[in-house]
Amino acid sequence: MIASAQRTARTMAGIDPYTGNWSQKEVLHLLRRTMFGATKSDIDYFVTKNMSDAVDELLSPTSFTPDPPVNNYNNGRITDPDIALGDTWVNGPTNQALYNARMESMRSWWYGLMLNQDRSILEKMTLFWHNHFATETQVYRDPIFGYNHHQMLRENSLGDFKALVKKITVDPAMLVYLNGEKNTNRAPDENYARELQELFTLGKGEDSGYTEIDVQQAARVLTGWRVNRTSFTSYFNPNLHDSDDKTFSSFFGNKKITGKSGAAGADELDELLDMIFSEEEVSKYMCRKLYRWFVYYDIDAAAETNVIEPLATIFRNNNYQIKPVLSALFKSQHFFDVVNRGCLIKSPVDYSVGIMRQNAVEFPTSANLVEQYYMWQIVGQVCALQQQNIGDPPNVAGWPAYYQVPQYHEIWINTDTLPKRNQISDIMVLAGVTRTGQTIVIDPIKVAEMFDNPEDAATLVDDMVDYYYTLDISTDQKDYMKSFLLSGQAATYWTSAWNAYKADPNNTTLKNVVKLRLQGLVKYIMNLAEYQLS
Amino acid sequence: MKRRDFLKTTAPFATLPVLMNGLPIHALGNPETMNILSKAFVNTDHVLVLIQMNGGNDGLNTVIPTDQYSNLTKARSNIMIPLSKVLVLDDVEGTGFHPSMTGMRDLFNDEKLTVVQGVGYPNPNFSHFRSTDIWHTASDSSEELHSGWIGRYLSHEFPNYPVGFPNTDMPDPLVLQIGSVVSTVCQGVSVNMGMAISDPGAYYQLVTGNYTTSPSSKAGKELDYVRHVAEQSNEYGQAVKTAGEKGNNKSTKYPAAGENRLADQLKIVAQLISGGLKSRIYVVNINGFDTHASQVNATGGTETGNHANLLSQLSGAIDAFQDDIELLGLKDRVLGMTYSEFGRRIMSNFSLGTDHGAAAPMFLFGTNVKPGILGQNPTISGSVQVNDNLPMQYDFRSVYASVLKDWFCLEDSEVDSVMLKTHQQLPLLQDTCNTNSNDRKALRKAGDAYVLNYPNPFSTATTIKFESSGGHILIQVFSPQGQLIDTLVDSEMPVGEHEVIFNAGNLASGTYFYRYQNGELQQTKPMILAR
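So the protein lines, in turn, are chains A and B. One point on numbering: in the numbering used here, the residue at position 517 of the first sequence is 517, and numbering is uninterrupted. One point on numbering: in the numbering used here, the residue at position 189 of the second sequence is 189, and numbering is uninterrupted.
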């Protein structure tokens, strides 16, 4: 922690609707927070709407069921006896020899979805839920479980939270990951029952008072759930269920769940969730978690009173539907308060997917399926290098950046990861990544052409600074950025160089003159500390 | 002095898998791999300071050919420096310096400065950007390279950079750029070898310890945090900062901070070298040489105005820097070199300025230069046309090649591989690498003719007669605009006299130049085609 923490400005703004300006700045803020990187075309699209319509649209994804991941891995060394190249493997049969290949296919596919996200919050919410209901592929080790688990998070990402908790509880991947499938009347396993309360619903805040007794009792409620590895489903086995009564602590009002035998034993889960969700703390805990994901990690007293509590009320009043909470948050004065802009350190996924999207990097199409998946996988690898490997968070608590007091998001940036981030952006600006003739690389000319006046060095730098950064930078720094374009010359020479290129775009000499200079500028912009903030 | 060391790579450095083409990322930490990655490099404490004069310096008003004064005055009467004001150089007739360059005149007279006349390249390009790229990449005019010559030199010496760097042998940045202009000169074959401390924020952080302020907000707090980590993780930044703190300046000749931006930059360079920074190359720059208009003042004398001020800054900065370097006891280690992307037109324009031109002089300074003037004054005709340019006498890449050979002590074959082809080497530097070098004096005998043509003027063809002292001979013909028209000889020739015929074909009448090169010997002469 550094000394400047003390001078941080605060805001008293609450969730009353924001009525201020709706300009590129506000659009950028909203898009940066709800998507992975704000693209120029999305900004231009939303700036013509109003704030409320923009938020509504972001909360209405076009589809929750993308085409599933496919076999990208048949390559001579590995051959899937059942699934042809380009066909999906998610319907089985399962094949443990192909565990790694399919898991990587799945991870690459997920990055493909983030890279190609529609104008909606869907991808950021899907990752939110993956962090919240964290599971590790290396532990449950079944790509089909993984895909089904992922789809469940995706399809419910804006829906009924309570229903999602129920689905998660009996989800095969989770049953394996937290030993639910081993939890029986003869040998109770408390693992899931504990995390259900500690991580998934109630948390460990001051107002969360569940006890060890509640962990034990919940575990007993959850006995009997098993996994079928052929049909990729879970089922309830009454013979393994503890059909005695379960009595909870005073925190839950000494609630008694009457034991049921036979198939009815499965219904005890509903009673358990009703009991947990009767605690207001669930709604507050979840609103805090959403707040840390979308706004900022530090929740001061004003934010707790003016934002978290009213959002929690909305959450409860809407029977734990997620969408109304997000709508209120993103339309609020608090969200758009300047104090809350530019203060979120980009997660590795936000950083890496954002670079590609912001700079309109073109990926191979499905006509080059193998290369397409490979490039998606590259994005995943660079995220993993920055300590965020989706599919495999460090543990069931998710990534420490979202819970570890006091550093939170700052954990993403350290002396190992920051140079790597810069190296990644450098590679993308300079050589890019190539495989069998397909390259992903930032075309700095295409970047410049996104803006209205690329021929004017000062305007271009201003526009790019606004596009890439939230914070303003000094005139000195802008002059320095301009020097990449001007090479020590008067600004008119940049204008002529640009115009000469535009007049004869196939002339490689003219093209390289502007390309070389723009490359330097884009590289530098992404190397500054400002670029790490969203 | 010349010693080959094996670079000891230290800490394993996990580079990105995408860079390593499928190799596991830990492979670089494996001792067996390390051996493969080690390579001999020249151990030298020599430092090269590159001074880029952005904009295209008017060479004819910098190093003034007073023996051409009357023809030159016809071509540029409105900006011509009064003959009486031109600075006279010891033991030199017919050539003087611009009146603003008293400091450099003194260095010249003290044998610490050398002038290379007529430096350029065949087929000059008149775009600032393109020509700057040519100078930085050391490419042919028609060729596009993406690496800079300094970058290639350092890639050659330290091929694994940045993997395993910094290390005990090379704990500091290989090259430091100071100033506000970003240069491609440091771009290596695959990575940029340069570290810029030119960004005001970063510079003040590194050398003075000051930060540019971040806003008082949550975002400001996080920005401070990221900057803090950036500083911590930048080992080179620490090295530069430490050297800045340890180093000092001793010269009293530096102007006050802010008065001369080049002097400010060179002062930092001297401070860092004296602080023990092992960087081999420093890049600094001075802007504003693009003097299309108001190169001289309309009133008050042509020896005043923008160009005079620029040369005064250049000269004052170099003089103070050299003084400092000597007082700091670093004189044997430091060589300076100026360059500009092109010279300016012989004929001035009506705006009291000059337009983009071709060849121009370069300066090298330090106690290890072979002092004096290399090359001849250009011959200015009595009827200069608006598009006429000075012919090139020396290829700028010959200067680079000579520096690599005689200052950074590379073998000829290494110089060729850095420069991507063989270039003539020039006698610019004292023997600092303990290698045999030809006596410069033999090449400077006034009036020696190694090449001539007859008849001259000619109407269809002329014979070019030349002398070879053995080795490679190059004979090229250039148009008055500097376009390479023909290469007549480009091969090994035995000792003795030879001749070759130049056929003018359907070239237009006018003055053409032929350039002779035999090892480090070269001459450029005019010939007149009169139909």
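A couple of the hints might just be wrong.
Which residues of chain B face chain A? A partial, calculated answer using Cβ under 7 angstroms [said to hold, decoys possible]:
#1 141
#2 144
#3 219
#4 413
#5 417
#6 531
None of these hints come from the bench; they were simulated from the model. All values derive from a computational prediction rather than experimental measurement. Using N, Cα and C, we set each Cβ at its ideal position, and we do this for glycine too.
Going down the list of hints, with the structure as the test:
no., hint, in the structure
1, 141, "violated (10 angstroms)"
2, 144, "holds (6 angstroms)"
3, 219, "holds (4 angstroms)"
4, 413, "violated (28 angstroms)"
5, 417, "violated (21 angstroms)"
6, 531, "violated (34 angstroms)"
The structure shown violates the earlier hints numbered 1, 4, 5, 6.
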